Amino acid sequence: MSPQNATSSRQQWVHLRDVLCVLVSRDFKLRYKRSVMGIAWSLLVPLAQLWVFYVVFHTILPLNIPNFTSFLFIGILPWNWFQTALLMSSGALVDNRDLVKQVGFPVAILPVVAVLSQAIHFLLSLPILAAFLWFDGFRPSLALISFPLVVLVQFVLTLSLSYVFATIQVKFRDIQHLLGIVLFLMFYVTPIFYDSSAIPADIQPLYRANPLVYLIDAYRAILMRGQFPASPALLVVLGSSALILMVGYAIFMRARNRFVEEL
Amino acid sequence: MRDAITVERLGKRFRLYHADRPWTLHESLLRGFQRLRPAETFWGLREVSFTVKAGRMVGVVGRNGAGKSTLLRLIGGVGRPDEGRVEVYGRVGALLTLGAGFHPELTGRENVFVNGVISGLTRAEVTRRLDSIIDFAELEQYIDRPLRVYSTGMQMRLAFSVATHTQPDLLLIDEVLGVGDYLFQRKCLDRIQQLKANGCAILLVSHEAAVIQSMCDESLWLRKGQLMSHGDSRRVVEEYLADSEAQVHAPAGS
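Line by line, the protein sequences give chains A and B.
Taking numbering that gives the first Met the number 0, the leading residue of the first sequence gets 0, the next gets one more, and so forth.
Taking numbering that gives the first Met the number 0, the leading residue of the second sequence gets 0, the next gets one more, and so forth.
Just so you know, the hints here were simulated from the structure itself, not pulled from any lab data.
Hints are all accurate, no fakes.
Below, simulated BS3-like cross-link-like pairs (lysine-lysine); rule was C-alpha separation at most 27 Å, straight line:
no. : chain 1 : residue 1 : chain 2 : residue 2
1   : A       : 100       : B       : 52
2   : A       : 100       : B       : 223
3   : A       : 100       : A       : 170
4   : B       : 195       : B       : 52
5   : A       : 100       : B       : 195
6   : B       : 52        : B       : 186
7   : A       : 28        : A       : 100
Keep in mind it's a predicted model, so treat the numbers as computed, not measured.
The shape of chain B in the complex, shown without the other chains:
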């Protein structure tokens, strides 16, 4: 099986600014351009290496701030790593934020075009897939109404539908499935399985251990920017949960 992603010794350093860093030229002048430099830096990810084969579904677990979203962004080419490299083979689809470019005043249909093109499709491709996108989102009746009348769940369905219609070779999903209702979540998971069967690799960030354990072929556990383990989902999730559990019981300050 061919590789879908190669991540090699990936590192990303974040800059922390002073809490009172001036954000205007006016203030900067008044303070003589003090405090513009970052106060300190920290590694959001460090020495992370792994490969994912095509058609594999990989769960990513870890506490908030462990670097899960940073990892997905770097794989998607948003921002540049400070160390190491990411190699992605083929087209990337992403659901990192709900509906980039969505605007409440535009209709669902107009938003599909904007979001679809922003997600990497051409207009002709969006036109060809439009019916299928609307059909999957179950929004036929609302598609010509402005997005502001949609519920969050409906917006999420539309965004998910567009993202999975980009025929990605790699799909990045960051903790957004929770918005839909149970039935739609099932439908999304089925759709993911279908993409997977066609050779699409999937990276799924989720805090739902059960979803990860039942759906993902393998998992990554990140802690404080480091890859703690990579392998069988059941084992990795157990390790992660055991570690979290240990922290709950550990004496404060450790």
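Only chain A is shown next, with the shape it has when bound in the complex:
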């Protein structure tokens, strides 16, 4: 039934990789075509956010967190990746209906394209973060080797939710707006401009139901304290993300044949 059952599986992997490359680069080209500033725009947005939060929580309502610039930026960058990737991938099927209807197109790659292109934006802004860290007097430590692992956990988490939302969006076209509201609220229950330890002990268990808490704590542990992140918590996040990924992927694949009719 597969249109390419004549080609070898190696050829299929090469093709999948190429589909990913072509679509991610199309995404970048479209975003920055005809814009003089080009890729700099994607760096300016977090810098503007950084500036606003810095003014609010350092000058107007001082939180007295040491090295606040670095602290804040470590919170903002992963959050932006998470937020933009989820919003983009929830429209992955509805916005790419011509691809969904294309013969032989691996539809399941669309959420991966969204999460990956936002991951690249995240990685591209890391040099600026490194500059802030250096300026605040932080130096790389051995703990840095666990940084890619935390990025991987965040990737799997975001991707797993992406499959779920992309599927729901086909049935309910306003889920993207709803997601926008949920993310807006979630921003405040994620330790971005404050530290997770500032949350009162009695609501900590509830607070820690948010997986992003562990991710941002982990980034800060690695980059600001030179410590390896608390691995059990991260492994739980990874494990539950993997579980959601399997379930999300399964419902996505079940629903994909309906997409063709409903899009």
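Based on these hints, arrange chain B on the given structure of chain A.
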């Protein structure tokens, strides 16, 4: 000769939703999740069986909504049949819609890469065939200009060129040739003949009886999702036209 496609008792059921089915969660909540289930279903295709040998060109005729496009999609693996099965041997090339993944802001060249990879080629394969693709589409002068300056005909030429450069074992064409001018249509038909000579099977949906009768080795006639006849193109097209003619003259309501 080996088979290119086997279709066995193929059936596809479509779901018809209420005209006012809520498409947002907001509305669904307000209406207590009413009307989300399909109002009714109908068979877009039913009990369709046939085989096509490699190197054969098969015309598909029938009125609008008879299931021609549905048949081509199912053969291409887009969507899943509700009954029966489709077996395709080898690589499928398809021109069901004009240029999937084409984006007006990208150049012709960039679009060839996107469309080529989406159509099943690897980047290396697109690179190797790039000159030939551009040459066939006769778009050398425009290839580095954004697609939005292309006419519909030029876009169609590019899309057709990519689709026929995927070296398919089976090519599905759905009523898109009409966009090109006469000369380019001739060129497309020549190209199709050439693919055919190399053993590629072709399924062509067209409303132009003359094209079907002169080019296709055999034809399928679909009516309301059912395969009415399959065989010699001249005979099948005549049957189809006679049936349409009979409906014109039939008293209203029958």
